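S.K.: So the chains spell out like this:
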Amino acid sequence: MKQVQVHPERCLGCMQCMLACATAHSRTKSLFTAVGESPLPKPRLHVGAGSHDEGFPNRCRHCDPAPCLLACLPGAIFRDPDTGTVLVDPDLCINCASCAMACPFGVLRYHQDWVAPAAKIVAQKCDNCLERQHEGLIPACVEVCKTGALTFEESDEALRRKTREVARSVSMGMEEQPLIPTGVQLLRQAKKQRFEMRCR
Amino acid sequence: MKTKAEERTITKDGQLLLKKMEQDQVETVWDRLEAQSPQCGYCEMGLSCRVCAMGPCRIDPFGEGPQRGVCGADADIIVARNLGRMIAAGAAAHSDHGRDLVEVLAEVAAGKAPEYSITDEEKLRRIAREYGVETEGREVLEIAGELAAAMQEEFGTRKGFLTMANRAPAKRREIWQKVGIAPRGVDRETSEMMHRTHMGVDNGWQSLLLHGLRNALSDGWGGSMIATEVSDILFGTPAPTPNMVNIGVLKEDEVNIVVHGHNPVVSEMIMRACESAEMVELARKKGAKGINLTGLCCTGNELLMRHGIPMAGNHLMTELVIGTGAVEMMIVDYQCIMPSLGALAPCYHTRMISTSDKARFPGMEHREFHPDNAAELARTLVREAIENFDQRGETYIPVEAVPSVGGFSVEAIIGALGGTPQPLIDAITAGKIRGAVGVVGCNNPKIKHDYGHVTLTKRLIENDCLVVDTGCAAIANAKAGFKVAEAIKYAGPGLQEVCGALGIPPVLHMGSCVDNVRILVLAAALANALQVDISDLPLAGAAPEWYSEKAVSIGSYFVASGVYTVLGPMPPITGSMNVVNLLTSGLNDVIGASFAVEADPEKAAVLIRRHIEAKRKALGLSALDI
Amino acid sequence: MEYVIIGNGIAGTSAAEAIRRLDRQGAITMIADEDEIPYCRPMISNLLAGDIAAERLAIRPSSFYDDLNIKPVLGRRVQSIDPAAGKVRVGDSDLIVPFDRLLIASGADPRISEVPGSQLPGVFCLRNRSQALDIMAAAEHGRKAVVVGGGLVGLKAAHALQSRGLQVVMLIRSAHPLRLQVDASAGRMILAKLREHGLQVLVEAEVAAFEGSGKVLENIVLADGQKIPADLAVIAKGVAPAAGFAADGPIGLGPGGGIVVNNTLETTVPGIYAAGDVAETMDVARREKRVNAIWPEAVEQGIAAGFNMAGRRVAYRGSLSRNVMRIYGLDIMTAGVVEPPAADDSYEVVAVTDKHRDIYHKLVFRDDRLVGMMLINGIEQGGVLLSLIRREVAIVEKKERLLEPGFQVGKLMPQYFK
Ligand SMILES: Cc1cc2nc3c(=O)[nH]c(=O)nc-3n(C[C@H](O)[C@H](O)[C@H](O)COP(=O)(O)OP(=O)(O)OC[C@H]3O[C@@H](n4cnc5c(N)ncnc54)[C@H](O)[C@@H]3O)c2cc1C
Ligand code: SF4
Ligand code: SF4
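Chains as they are written, first to last, in the working numbering: chain W, 1 to 200; chain S, 1001 to 1626; chain E, 2001 to 2418.
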């Protein structure tokens, strides 16, 4: 089954995925109108800063077993059997944040949402864009991520691809190309250096 | 483990005030940088393009996503266009500042700016002659009017060359001609850059970059140089003057007025108002011991250079200064004034005043200065500042000010050398001084405040490199105590001997950031004296903590003038290794100098010393292995 | 294989489900006091508040016992266990249930008050569904309520009664609420918030008696003589493991009164397991045996006990005290050691406050490991910190970094993902 795969080493921190996610979860599905909605749609994935201020896309891993699901008091968190997606039922959620305490990735947020009962604050997390998938679309974050930090593929395919890339980066010959392009490396080095200097 | 404040700045005053602002729960530039993190990698690499409405576009540096914008521009073109526009903005800022001064000069000549005058008549005549204006037996104001008109010509297109570019050595000018980057007009090159970077115009990344150099030259040998020279004519050519620096210059018992920005046109008038007996008397009546005018950033540098006005701090100190609670009024003109200041001042009692018709700030009162109302408005503002004195709450001025000496214009340096650059040349030839380095540029919260400037400068003077500095770098070095005669104790033996004999510090404050042109003029004078090109000299430039577009322009005109230049923060170019390679090595073959990027000042010092020794060797001078 | 489970709370329920995943054949008998479909005990306070309907408490379908082929013995209490014979005696009847594997998941009982008048009608505990319904009935006619105790259940009860429109007075013995969860500064913040929301809180108050004329509660009398009029009272003075039936047998009890288990949830008697609020486990942060009477531990221990009983060895990593509540406009998340012993210098405390965001965060480290946290507001990343505590990850970062506003799991690369 295809899953959203995260490759943090490719994240540039542009936050396009956050915009796309919020838009995909809006009522009107267009960025320009979504920003005028009330409640304001919010992203389900969060681009944070990594240890040297590089981008780090953080989204629900749809863990199995899922700590949030086990911790949810009213049983509002459940797994969609077809896709393995861990979902929250906004009608059942009592906004207790037990899931936030359980999630080792810190991806849950609490706010109103147009699909939840009006004015009710409920737990929100990535739903793998199941609605879009039903329409034959891929998850919104993957669609807008141009660097390949977010991909939608089978996990063993992702692994195979990674292996190929590593092999290519070390093999000699014409096809040789670094795993991380030189320009990106330069930038990351510069950022890392900033951190080292701060501690001097 | 370092505290957060210690990670953010090396300065004691900065650290203490950061702690206080944290207690006051007032947000600073560092907090906002943290909140912005991670910053967009496409933009950091120069790979995002907002030039047209078919876009915005971005190029995937990993090679799988889009490799061309909607228009078809690839990474090289987009990076070059973005860099070109940065240079254009920087050149525009400096040059517009220059234009404002020329306008004042013209109004003085026309008798429309009664409170301004020609202060350095000798310089007026000298520059006028350079511009081909007849000076013999003519009235000062007549000459001033004609010089102003001649300079205004340079902003347009009819003239086709920049007079002061002729100060560059002949060899340099030949290179410019050969490569096709001799600047033709101040505004023209900026305007052309905007044209070239419009969609569908210049899509040669090399030609874009070369035009970028030409655009920068129009700033260095044009707009900025005009700004500096006219400022000297109007307000006096700087000569060595002692002053005090860091936040300790604020006074508990006096009315503190801080000027911030870049243009001396406003701050000079404020200074005169502060000095007037009437105002001082008023301040006494209000229970203050007097009026204490201090500066920030380059408007501060302008006053420091000419009048020894104390300097409260550089770019990253501008918010912290308000945190002392001791500032009655901050008066700003333009450039590098963080729009956060207006929102921050109400946390204290400071009144914030904006003065330029082209620079407004949220939360500031706008009181517009023009040459005809300047003196009166300055007095009104100073009066209001005095009246604000009794609104003061608790104050916190935790450090003692440090002494420094400023005012090293080219004229002053040559003067200190006994009227000719020869003693300096001799010292370099003898190897006592290995070379000279301009340490310039801003502060950037991405680099620990002042760490880059101070560390690099220290390493350079330790190794007998004379340092000349400007802008925020100059303030950093002054705070570090490098600018008093006794500071030769930090210098290597050769530099110590030379500076000791001349009675000058090992680090010479050459002014504000437009005054980087003083460094160009000095370099040109040395090259001309030796009949070589600037690129042959054991010189280098460095901008260890740069942040602004102006700095990109400065760095580019340094390199285009033949000075190897090391940048601290990485410019947004790594999206194109072609651009990176051209700027960091390819340019050597084209114009005899290039950039380097090295955030760590320890390593930057090594790069610079290595470069200097290589140049020495090529000149047949003694050279060390670094 | 005969499995017997005492208690149909979440520990017993999770264990039964785990057993069934591995063993479809064995017989499972669940003996439980409450005649209910497994329901969510913490949510009885939401029921009391009127936020949810009583039907919503159930967290398993009504066919639960049938679905899992469990023999339910409901509405009856286990009286005693004969470990040697492998038998459980139910009630004072002669129902004797034999077992090969026994799970004690009898949870906890509320600590009751010993002062005069505690037996008066109108004086309640809030531990199960029927008590919640009783309080609701009493609240129909009442206007004034008193809650004795400022722990989690006390706060929830007070909040629920306020939502029902009652005037509520909270009596707490210490100087601030949540004494077991938060430190004094946070306690003061919380106290102020409660009062802001109209809850009257009397601190350092000791109840001397419940007073009533005839059969109705009228006043609560404090040790200092003060009388507080009340139509109903809820006693929330914490809970104690419901292990009475094991008290004088060979099954070992710990200092906390809970049944001591090892890392397979087995008690000191082979074949007998315990899980949930009744069990005393190794606390990973404190490194000592402790009863951590919280829902997520009951779930995990139940699952682990079930697997071990059915023959799959799974090691239980130990428990961790933790709580989260969003109440009175505050988000409070705590875990592990929040107030380290002052004399012990192997602990290090790092804290931040942010008045703008009304945040107070505190982390407690022992050597280079995180062993405790207390987050008042801004709790989103609490799960990440908690997993650092549970997994005993060595922190190589500067400790303050874990409290910076931008902290999230990406800052912990790569050690976190090891
Ligand atoms: C109002 C309230 C709010 C709470 N909120 C939270 C919260 O927000 N988060 C959290 O983590 N925890 C919370 N808790 C605690 C949580 O409910 C318990 O930790 C959890 O329910 C324990 O589950 P358990 O299965 O171990 O025990 P229990 O749920 O107590 O189940 C034990 C069952 O065994 C029965 N039993 C006891 N003795 C016998 C016997 N001798 N014979 C037969 N049956 C017996 C009991 O009647 C009971 O039905 C709350 C508790 C209450 C009361
Ligand atoms: S929310 Fe967190 S715990 Fe739940 S499945 Fe997603 S990542 Fe796992
Ligand atoms: S906040 Fe909602 S989804 Fe999360 S644990 Fe509580 S009820 Fe479940």
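The hints are simulated quantities; they were obtained by calculation from the structure and are not laboratory data. Please note: incorrect hints may appear among the correct ones.
[To be verified] Derived DSS-like pairs (lysine-lysine); straight-line CA-CA distance at most 25 Å:
hint, chain 1, residue 1, chain 2, residue 2
1, E, Lys2398, S, Lys1004
2, E, Lys2215, S, Lys1019
3, E, Lys2215, E, Lys2144
4, S, Lys1358, W, Lys192
Source: prediction; values computed, not measured.
S.K.: Compare the structure with each hint and give your call.
M.R.: Here is what the structure says about each hint:
no.	hint	result
1	E:Lys2398 to S:Lys1004	11 Å, holds
2	E:Lys2215 to S:Lys1019	63 Å, violated
3	E:Lys2215 to E:Lys2144	17 Å, holds
4	S:Lys1358 to W:Lys192	38 Å, violated
In terms of the numbered hints stated before, the structure departs from hints 2, 4, listed from lowest to highest.
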